[in-house]
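Student: One letter stands for each residue in the lines below.
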Amino acid sequence: MKEKFVITKNVKKFQMAMQHINHKTIGIERIALVEGLVGLGKTEAALHYGAHNGAMMLSIWPRMTQHWLLSDIVRELGFKPPWRTGTLIEKIQEELMQRPRTLIFDEIDHFFRDRDPKRMDALETLRKIHDLCHCPMIFIGENGIANKVKDLSRINDRIVETVYFEKLEFDDVKSFVGEISDYKFEADVIDKFVKDGNGRIRPIMNLINAAENYAQAHQLKTVTAKDLK
Amino acid sequence: MTRGFKKIITELLKQERKFFTLNQIVKDTGLKREDVRDVLIELCIDDYLKRIRKTIVGKGFEPFPTGKGPALQNVTYRVRKPKALAEKIIPKYRGENNAADRMWFIIRKKGKFTRRDLRVLTCDMKGQPTMSKETVRWYTKMLHRAGIICVSGRGEWTLIKDVGPRRPYIGDQVKRQKAESRRQ
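Those protein sequences? They're chains Y and U, same order as listed. Counting from 1, one number per residue, gives the positions in the first sequence under our numbering. Counting from 230, one number per residue, gives the positions in the second sequence under our numbering.
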C-alpha cells in the first residue's frame, strides 16, 4: 500500500470548510460543524489539517466538565493550568489573542449525553471563547450531531458551515484504490469492497490490505473477485 | 561559549538561588574555578547577574602558574534576570511547524501509531508525502531512546511520556549516544 494521504470528496469538503472559516472579517462567525458515521475519516482529516496548520486539537471525553475542558485547553496551549476557572479563561483568552489558532474539538457528541446541564455549560464556554478570541473552531461529531446542536440556538447561529461526511460510492472507492494500491483491482473487487466495507474508509482499508497480501503471496498483478473468495 | 556554561546556569536555576558565591558554584558543579569565574563574569557583563561584594578568602595565593597571583577572592553575586537566564539554556527551535512538529502533533493525538501513520498524515494538502521514510525512522528511534515512546507491537509504537504540545528536544540524545560509545 502506498504511503499517501488520499484526498477524497469528504476531505475536499472539509478543506473547503476550513478555508471558509479562516477569514479575517470581524463580525462573521467562524465555527464549522463536521458530522458523519464512524470510520469515514473525520478525525484523520482533522489530524491532517491540524498537523499542517498548527491547530490545537482536543478529543472530548465522556462526562467532561467545564473545568476539565478548560484545563485541557490550557495544557494544549502549552501552559500549566491554574486552579481557578476564571484564571483558566483569562489564560486561554490571553494566549489566543496573541497567537490565534484553529481549535478542533473531536467527539463533541459526548457533551449531549443525558442532556446534562454541566456539559452544556462546557459547550457554551467554548462558544464564549470563540466570541472573545474570534478564533476558528471545528466541532466534530457522529451522525445526528447537527440536529442536537440546533436546539442550542446561540451555538447554532454561529455555525457557518456544516460538513457531512458521506459514505464512499463505487467511483470514490475506485479512485481511492487506484491511488493507494500498487495492484490493479477489477470492478467486481471494488464492488465487493463497497458492499463489505459499507462505504466506510476504515473497513475498506482493511479489505485492501488483505487483498494486497493475497496478491503478494500469489504473485498476482491484477486481483479479481474470484481470487478473494 | 565558555566551558561549563550550561551546567553552571542549570545549577543556578536548580536551587532557585537569588544570592550565591563563586565557591558554592565551584563546589556544586565540580568544574574548574577559572572556568566558573569566566562564565560568571560573562553573565555579569550581559546583565544577568550583579556582583555584590568580594571577600578575600584566607591569605592564600592562586597556585598556578607562578604561585604568586592575586589573593583568592570569593565573589558574591545576585541573580537579576532568572527568567532570561533560563531562556538562555533552552534549546532554540529551528522553526515553527516543521516536520518534527507535525510528527509530534500526530504522535500525541493518536497515542498508538505506526510509522506509516506519521508519513501519511504529514502529507501535504495535495496528499503527497513530505518526508522521507528515513526521517520518520530517525525521529521514532530518537524518541524511543529518550524514553518517550515504546514499541507496543509489530511496527506499532505507543506514547508513554507526554511532555506537552511543544515537541521534546532530542538533539542531545545523539551527542550523548556518541559520547557514551566513545567512552566504551
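No lab work stands behind these hints: they were computed from the structure. Model, not experiment: these values are computed from the prediction. Quick reminder that beta carbons are idealized off the backbone N, C-alpha and C, glycines included. There may be inaccurate statements among the hints.
[Claimed, not checked] Each computed EDC-like pair below joins lysine to aspartate or glutamate, with the alpha-carbon atoms no more than 20 Å apart: (1) Y:K148 / Y:E166; (2) U:K362 / Y:D182; (3) Y:K4 / U:D346; (4) Y:K4 / U:E316; (5) U:K338 / Y:D109; (6) U:K339 / Y:D72; (7) U:K341 / Y:E44; (8) Y:K12 / Y:D188; (9) Y:K13 / Y:E44; (10) Y:K4 / U:D276; (11) U:K341 / Y:E76; (12) Y:K80 / U:E316; (13) Y:K174 / Y:E212; (14) U:K390 / Y:E169; (15) U:K355 / Y:D72; (16) U:K339 / Y:E142; (17) U:K355 / U:E316; (18) Y:K174 / Y:D188; (19) Y:K13 / U:D276; (20) U:K339 / Y:D182; (21) Y:K12 / U:D353; (22) U:K338 / Y:E142; (23) U:K338 / Y:D72; (24) U:K339 / Y:E107; (25) Y:K2 / U:E385.
[As the list claims (entries may be wrong)] Which chain U residues face chain Y? A few, computed with CB under 8 Å, are given here: (26) C352; (27) G356; (28) K390; (29) P394.
[Said to hold, decoys possible] Residues from chain Y that keep clear of chain U, each with C-beta distances beyond 12 Å, as calculated: (30) H110; (31) T125; (32) G144; (33) Y164.
Student: Next, verify each hint and record whether it holds.
Tutor: Outcome of the hint check:
1. Y:K148 / Y:E166: Given that 20 Å is the threshold and the Cα spacing comes to 19 Å, the pair holds.
2. U:K362 / Y:D182: Within the cut-off at roughly 18 Å; holds.
3. Y:K4 / U:D346: 10 Å, holds
4. Y:K4 / U:E316: Not OK: K4 of chain Y and E316 of chain U at ~39 Å, beyond 20 Å, violated.
5. U:K338 / Y:D109: 18 Å, holds
6. U:K339 / Y:D72: Since the Cα atoms of K339 of chain U and D72 of chain Y sit roughly 16 Å apart, the hinted pair holds (cutoff 20 Å).
7. U:K341 / Y:E44: 14 Å, holds
8. Y:K12 / Y:D188: 27 Å, violated
9. Y:K13 / Y:E44: Given that 20 Å is the threshold and the Cα spacing comes to 14 Å, the pair holds.
10. Y:K4 / U:D276: At roughly 52 Å apart (the allowed maximum being 20 Å), D276 of chain U and K4 of chain Y break the hint.
11. U:K341 / Y:E76: 19 Å, holds
12. Y:K80 / U:E316: The hint holds at about 17 Å.
13. Y:K174 / Y:E212: Holds, at about 15 Å.
14. U:K390 / Y:E169: 41 Å, violated
15. U:K355 / Y:D72: Distance ~32 Å between K355 of chain U and D72 of chain Y Cα, so the pair is violated.
16. U:K339 / Y:E142: The given pair, whose Cα atoms are some 19 Å apart, holds under the 20 Å limit.
17. U:K355 / U:E316: Answer violated: K355 of chain U to E316 of chain U is near 38 Å, above 20 Å.
18. Y:K174 / Y:D188: 11 Å, holds
19. Y:K13 / U:D276: 55 Å, violated
20. U:K339 / Y:D182: 26 Å, violated
21. Y:K12 / U:D353: Holds. K12 of chain Y to D353 of chain U sits at ~13 Å (cutoff 20 Å).
22. U:K338 / Y:E142: 19 Å, holds
23. U:K338 / Y:D72: 13 Å, holds
24. U:K339 / Y:E107: 14 Å, holds
25. Y:K2 / U:E385: Holds, because 18 Å separates the two Cα atoms, which is no more than 20 Å.
26. C352: Constraint on C352 of chain U satisfied, holds at 4 Å.
27. G356: It holds, given that the least Cβ distance between G356 of chain U and chain Y is near 4 Å, below 8 Å.
28. K390: Given a least distance of 15 Å, the restraint on K390 of chain U is violated.
29. P394: 5 Å, holds
30. H110: Given that every Cβ of chain U is farther than 12 Å from that of H110 of chain Y, nearest at about 17 Å, it holds.
31. T125: 20 Å, holds
32. G144: 24 Å, holds
33. Y164: The claim stands: Y164 of chain Y keeps its Cβ more than 12 Å from every Cβ of chain U (closest is about 21 Å).
Hints 4, 8, 10, 14, 15, 17, 19, 20 and 28 from the earlier list are contradicted by this structure; the remaining hints agree with it.
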